[in-house]
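Combine the two chains into a complex, taking the hints into account.
Going line by line, the protein sequences match chains A and B.
Here numbering that gives the first Met the number 0 is used: position 158 in the first sequence is 157, and no number is missing along the way.
Here numbering that gives the first Met the number 0 is used: position 556 in the second sequence is 555, and no number is missing along the way.
Keep in mind the hints are simulated off the structure, nothing from the lab.
Since this is a predicted model, take the numbers as computed values, not measurements.
Yeah, the Cβ is synthetic: ideal placement off N, Cα and C, and Gly gets one too.
Just so you know, nobody snuck in bad clues.
Stretches of chain A that chain B covers, calculated by requiring three or more beta carbons in the stretch to come under 8 angstroms of a beta carbon on chain B:
{"no.": "1", "segment": "7-21"}
{"no.": "2", "segment": "122-134"}
Using 30 angstroms as the maximum straight-line C-alpha spacing, the simulated DSSO-like pairs for lysine-lysine come out as follows:
{"no.": "3", "chain 1": "B", "residue 1": "K317", "chain 2": "A", "residue 2": "K135"}
{"no.": "4", "chain 1": "B", "residue 1": "K317", "chain 2": "A", "residue 2": "K219"}
{"no.": "5", "chain 1": "B", "residue 1": "K85", "chain 2": "B", "residue 2": "K147"}
{"no.": "6", "chain 1": "B", "residue 1": "K560", "chain 2": "B", "residue 2": "K570"}
{"no.": "7", "chain 1": "A", "residue 1": "K110", "chain 2": "B", "residue 2": "K147"}
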Amino acid sequence: MECTFIIARFDPDRNPQRYHQRFTVSAEPTDKILDCLIRIRAETDPSLAFRASCVHGICGSDAMLINGRVELACQKLVRDFKTANNFVIEPLPLFAVLKDLIVDLEPFFEKFRQVRPYLITEGEAPELERLQDPQKQKVIDPALRCILCASCTASCPISRVNEDYLGPAALLRAFRYIFDSRDEAADSRLVQLDSEDGVWGCKTMWWCTDVCPKGIPVTKCLGQIKRALKDNRARK
Amino acid sequence: MEHRYDVVIVGSGLAGLRAAIELGHSTRVAVLSKVFATRSHSGAAQGGIGAALGNEEEDSWEWHMFDTVKGSDYLGDQDAIEIMAKDAPRTLIELEHMGVPFNRTAEGKIAQRAFGGHTRSFGQAPVKRACYAADRTGRVILDTLWEKALQMGIRFFNEFQLIDLIVDEGRCCGVVAYELATGSIHVLHAKAVLLATGGAGKIYKTTSNALASTGDGMAIAYRKGAPLEDMEFVQFHPTGLYKLGILISEAARGEGAVLRNRNGERFMERYAPTIKDLAPRDMISRCILEEVRAGRGIDGKDYVHLDLTHLGEDVIGKKLVEIIGFARTYAGVDASREPIPVQPTCHYMMGGIAADADGHVIMDDKGTIFPGLYAAGECACVSVHGANRLGCNSLLDILVFGRRSGKEIRRFVQSAALPAATPGLQQKYAALIQGMLAKEGDISYGQIQAEMREVMMDKVSVFRTEKGLQEAIATVKALKEKYRRIHIRDKGRLFNRELLDVLETGYMLDLAEAITLGALFRRESRGAHSREDYPRRDDGRFLLHSMVRLDQDGVPQLFTKPVTISRFQPKERKY
Numbered sequence: 000m001e002c003t004f005i006i007a008r009f010d011p012d013r014n015p016q017r018y019h020q021r022f023t024v025s026a027e028p029t030d031k032i033l034d035c036l037i038r039i040r041a042e043t044d045p046s047l048a049f050r051a052s053c054v055h056g057i058c059g060s061d062a063m064l065i066n067g068r069v070e071l072a073c074q075k076l077v078r079d080f081k082t083a084n085n086f087v088i089e090p091l092p093l094f095a096v097l098k099d100l101i102v103d104l105e106p107f108f109e110k111f112r113q114v115r116p117y118l119i120t121e122g123e124a125p126e127l128e129r130l131q132d133p134q135k136q137k138v139i140d141p142a143l144r145c146i147l148c149a150s151c152t153a154s155c156p157i158s159r160v161n162e163d164y165l166g167p168a169a170l171l172r173a174f175r176y177i178f179d180s181r182d183e184a185a186d187s188r189l190v191q192l193d194s195e196d197g198v199w200g201c202k203t204m205w206w207c208t209d210v211c212p213k214g215i216p217v218t219k220c221l222g223q224i225k226r227a228l229k230d231n232r233a234r235k
Numbered sequence: 000m001e002h003r004y005d006v007v008i009v010g011s012g013l014a015g016l017r018a019a020i021e022l023g024h025s026t027r028v029a030v031l032s033k034v035f036a037t038r039s040h041s042g043a044a045q046g047g048i049g050a051a052l053g054n055e056e057e058d059s060w061e062w063h064m065f066d067t068v069k070g071s072d073y074l075g076d077q078d079a080i081e082i083m084a085k086d087a088p089r090t091l092i093e094l095e096h097m098g099v100p101f102n103r104t105a106e107g108k109i110a111q112r113a114f115g116g117h118t119r120s121f122g123q124a125p126v127k128r129a130c131y132a133a134d135r136t137g138r139v140i141l142d143t144l145w146e147k148a149l150q151m152g153i154r155f156f157n158e159f160q161l162i163d164l165i166v167d168e169g170r171c172c173g174v175v176a177y178e179l180a181t182g183s184i185h186v187l188h189a190k191a192v193l194l195a196t197g198g199a200g201k202i203y204k205t206t207s208n209a210l211a212s213t214g215d216g217m218a219i220a221y222r223k224g225a226p227l228e229d230m231e232f233v234q235f236h237p238t239g240l241y242k243l244g245i246l247i248s249e250a251a252r253g254e255g256a257v258l259r260n261r262n263g264e265r266f267m268e269r270y271a272p273t274i275k276d277l278a279p280r281d282m283i284s285r286c287i288l289e290e291v292r293a294g295r296g297i298d299g300k301d302y303v304h305l306d307l308t309h310l311g312e313d314v315i316g317k318k319l320v321e322i323i324g325f326a327r328t329y330a331g332v333d334a335s336r337e338p339i340p341v342q343p344t345c346h347y348m349m350g351g352i353a354a355d356a357d358g359h360v361i362m363d364d365k366g367t368i369f370p371g372l373y374a375a376g377e378c379a380c381v382s383v384h385g386a387n388r389l390g391c392n393s394l395l396d397i398l399v400f401g402r403r404s405g406k407e408i409r410r411f412v413q414s415a416a417l418p419a420a421t422p423g424l425q426q427k428y429a430a431l432i433q434g435m436l437a438k439e440g441d442i443s444y445g446q447i448q449a450e451m452r453e454v455m456m457d458k459v460s461v462f463r464t465e466k467g468l469q470e471a472i473a474t475v476k477a478l479k480e481k482y483r484r485i486h487i488r489d490k491g492r493l494f495n496r497e498l499l500d501v502l503e504t505g506y507m508l509d510l511a512e513a514i515t516l517g518a519l520f521r522r523e524s525r526g527a528h529s530r531e532d533y534p535r536r537d538d539g540r541f542l543l544h545s546m547v548r549l550d551q552d553g554v555p556q557l558f559t560k561p562v563t564i565s566r567f568q569p570k571e572r573k574y
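Same shape as in the complex, but just chain B (with noise of 0.2 angstroms):
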């Protein structure tokens, strides 16, 4: 089927549903998911976001770019910060207007709440600054917007995978897509594209992301000559549950839980004396890690404990119910009496397809842009996370720079004519898929996912070394190779799960392969980029995003770019 659209927006999580609302209005915009739009992984989101509204205490959005800046280890572009942190309580007030459930302030305000890095006065002290719908805020606000874009009529089409951009001489112009339900190929032609298409969290082996987690979209616009920024800053949430890593909230620190070691010692009082358990996430996931390496975990094994028994009833009631029942389902362990058995799981991605703060895809160091690309939400890196994230500034992210996106979109199509459509795309990539399912081969995507989740987990996840790395390298290489001969059994039209898992398997290992030469490349600890072997931040030679682009053999080539610095001048990160 071929369809004609001003706009089509591929990823129906957050940023792409802000972005449709943006544009839903006064421009002919599709929504394209590989999954049902509600069961988004925005909708995994539980503690907060972000913004200094002050309904708690004192706050300025100063503080909040202070934070964010900080957070990311001095690598986010401070302008574009600056741009999140003051629209932060406009996009607030905007999502409660739109019906968001938040809970309230005993005056009726929205409640805020502290969360990790978050600070008064540029660090001194904790902050309430996480706006929150007890413990399920990104579901109840996936839900709103979902419901929001159904009030306006927005076309959507759920379950359908990605394929490819269509780019004609250097301008996308459409999406090809397959439909799961029939196996049948899609063609949309655009005047722009919007790719929103969320995180890769699947290429770890322990991972708190959706089995939809496979970084697609930036899979495919690298494939396409854009290039992926800042890939080695890869987020380990610290408290997954242990050995699944399903999240447990930074919430329930942010309400008051400590973490203890085998000895019942609260150990980030020693790591943070100020901020102790609200230290940010990639600085408590190595304090985790070396508590285990001096053999403190719990019963000397590799995890730790997280207590929330002294919350009291009404904390745990009100705020903190979903990760109380994962607990109580997962783990068998009842929070209100025992502590939660909590290690590192790989959570976010700082980095993704290089964009601007208005959504556009650039292509080299001086913001050439990629015509008719988008890119917004985890998929994208702006750069406003850097080198960590702080906690409850990803909803705030998509958000903002979603609806950001979708306004400069707007602009960009109403003085655009639709692009001539290039015939044949159907019947080309329709032959390719028969291709796929028709190739002998002996190898499953289980096994390639398998071995590429052990290694990207044991090498080249919170500490690293250039000897893990290059094995690593070494490894996704061997994987990249085995890959032509894999091996697609089921022939089946309908829902063929096999050739999706087949597809992502290759997202995933192009995107395995930039994170490692992007950390081969940064020989510093930086956030979550740890080097043992390089321990100390190098601002001299390192105060640059790293980049990565395909050349046209297909060999990844990396360059660099440099940090926006207006505000804050780098200095040691201490908390």
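In isolation and in its complexed conformation, chain A is listed as follows (with noise of 0.2 angstroms):
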């Protein structure tokens, strides 16, 4: 069947302006949206610029707007849309397009390296593993899909009105470590985080869960940050 593609699309080196264009590109309902992408990249259109991997959802390329909304291109199907066969395609919001769906991902890792997103610990290290309670463990596991796709931090609206906030992308990737039994450094972690700029910039919009494609509950990790913090002073 065919398939209707408006796609923003934009080459600074060519046309300081953005447009968009359609493009009619014949699918299957079980193809994916990012399918129909190549196909337009080989058919059509060689200049369409977006990135791809995997293609199924695990390495995190390919976050896009799907008619106004942020998914991975490469995890909707085009039968998974009630809109008759056609699609609006936009780079995601927040980020500086470099080229049509393609964008600037570098502040975004900037604030994850921000919140040292690494395991500390003090003292030698043992022989074997460090032992860890499955239960405990069992806190953390949501977090462990995180793919670094960047749809939630692009769908924050808090994002878009405070750039220093360090977004449900970066806050997650926190929670993973303050709450990791192994790590030893959940007080500095914590203190870091105790702000408008850190955790409590969130004020639980719910649009980090509500577009996460591994369907992680990113707002309830952050709010379990947000009851440490609070936990914390009241012991003091």
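Written as structure tokens, this is what we have:
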């Protein structure tokens, strides 16, 4: 069947203006949106730029706006949309567009680096593995599904109004280490997040949870950070 | 732009990252990758990483070594396999210390599960050897190593395409790369270069591999005179999602899932009475196709069912979350209630750049090294997987040999001087790219890729014959001729993906030819290489590594290298 794709185009090297271009492509109901983009590039316009790699929702390359909502193009099929085979494809919001559907994620990863996204421990490591109670590990389990696709941060209204706000993805990674029973820097991590640019920037708007292509309850995880901060204060 | 480093690592998957972490404190190291580091294909590994930790039941590195040798159909080099099996427990402890969130046993140790071909007591029964983090093991290890590299301040060149190796008087002294975002050429001078560029599954029509898995490093090393080893051994994973090839992890069978034909029969009981659905991948892929040929595919079609319905919510919800999602998203199947349609999918290259256990690229059957050039991970052939790789030995291979390469490179660069920078390279390669963009032609990369993928899938996949292979080699040669007429329509500078597609097509054609030549040479059936016209293994003639190298005129020449056999003499391979 025939599908219509209206795609946001931008190549600052050739034209400072952004515009939208209409393509028609034949597709099966079970084709991914990404398959359609690949077909448009192969058959019609090889200059159409987008990122993609694993094509099954694990590498996190191809988050974009599909019909106004942030999705992974490889994880949505044509049949998933009730839009009479019409699609509007645009780059992720929030970030600067480099070309067509490709955005500059450097600011996203910079926030990520700020939360010290690695295990911090003191003293010598034991000879064998550190023991970890499987029940304690369960706490961070949802956050381990994160693929750094930036869908949550791109959809977060607070990230749009406060450019210093760490944003849900970086906070989720902070959560992953704060509540990892092996990590020994939880207190200093919590202090770092105790501000409006940190976890209090979150106003529980649920967009991050709503758009997460891996089904991570991001807002709830951030809520656990807030609760830990409140508990710490109560103790003092 | 010109840059100077001690070491340039090409590829940011686990082999490249592990080597970078080894080198980061003591040398100036840069990691260059065609995709952003966390998009690397190591992240798609699902089921686990093998190590005889014995956390769940008794295990030993010797059993692991034996299983790997037997799984390789006795073609793996046993000295290298011994190194890997012995180093596996240390590797796992190291990963845990870095922060990898492995699943845990009730007492808090790293949890382990059964996996294909891994047994106790030299083949007696399956053993729990695969350490795992649900069914996203590769992804969490990739994240952890990348984060470690960030902590160490390692310099990444993300979205840089490798264009060439700089080789001066036989020594590798850097790389030339193309920056996707700007279209500019970067020359990175270095004392040593490590290729960790991964596999080449995109040569085949149906594959579990990422779009980026186009064998760039293998092809570029080959063009620079390095031999490729055992290229005919291409692994088809038995359980790719029907029509799509997306991987449904062997972990499903490790947790108790079974394969069924159209009669609902658990057919692997007939083929591998001892370990059944946990037989190695080469064997199960053949069995699925045998069932299909006998008319026992589902609805008489070319797929079978993978049945998880009896596993229960607990196993599915805790250990197989991702694959349940894949089945739901792409096949519309609720795997807790109905079986998943599966068929073999191109998954892994056992062959690759001939390398030793310290990562040196080697040039001949005597182990002469290519100075300054190293290879590790799927792009290399050490060879630990021989004719067939066991599940969960790949993550192990790339971490063990990534680390060892890093150590060896550190030793080398501490004594080596930085080679004199060859002048004029930037202009030379910028002109080359300009020439490609300006060239007139009448064929698109898409046409060539489609024909290559079709013929390789049809004639050079699970079952092979002389006639089919001859047809394939003729087609690939004709496609190489057509490639000269390839046309790039996009003349843009920023993110010119078509230019990359064209380069990748050239790399894949070279590798398709090497794979097919190896398959023609090997008139026997061994591991993943199954010749219907030579159905038996022939140790008398072919207990050898096949090597293919380009001569001075660029024509591929075959030669052989002996297999190292230390502990286990070849025996019939039964499961």
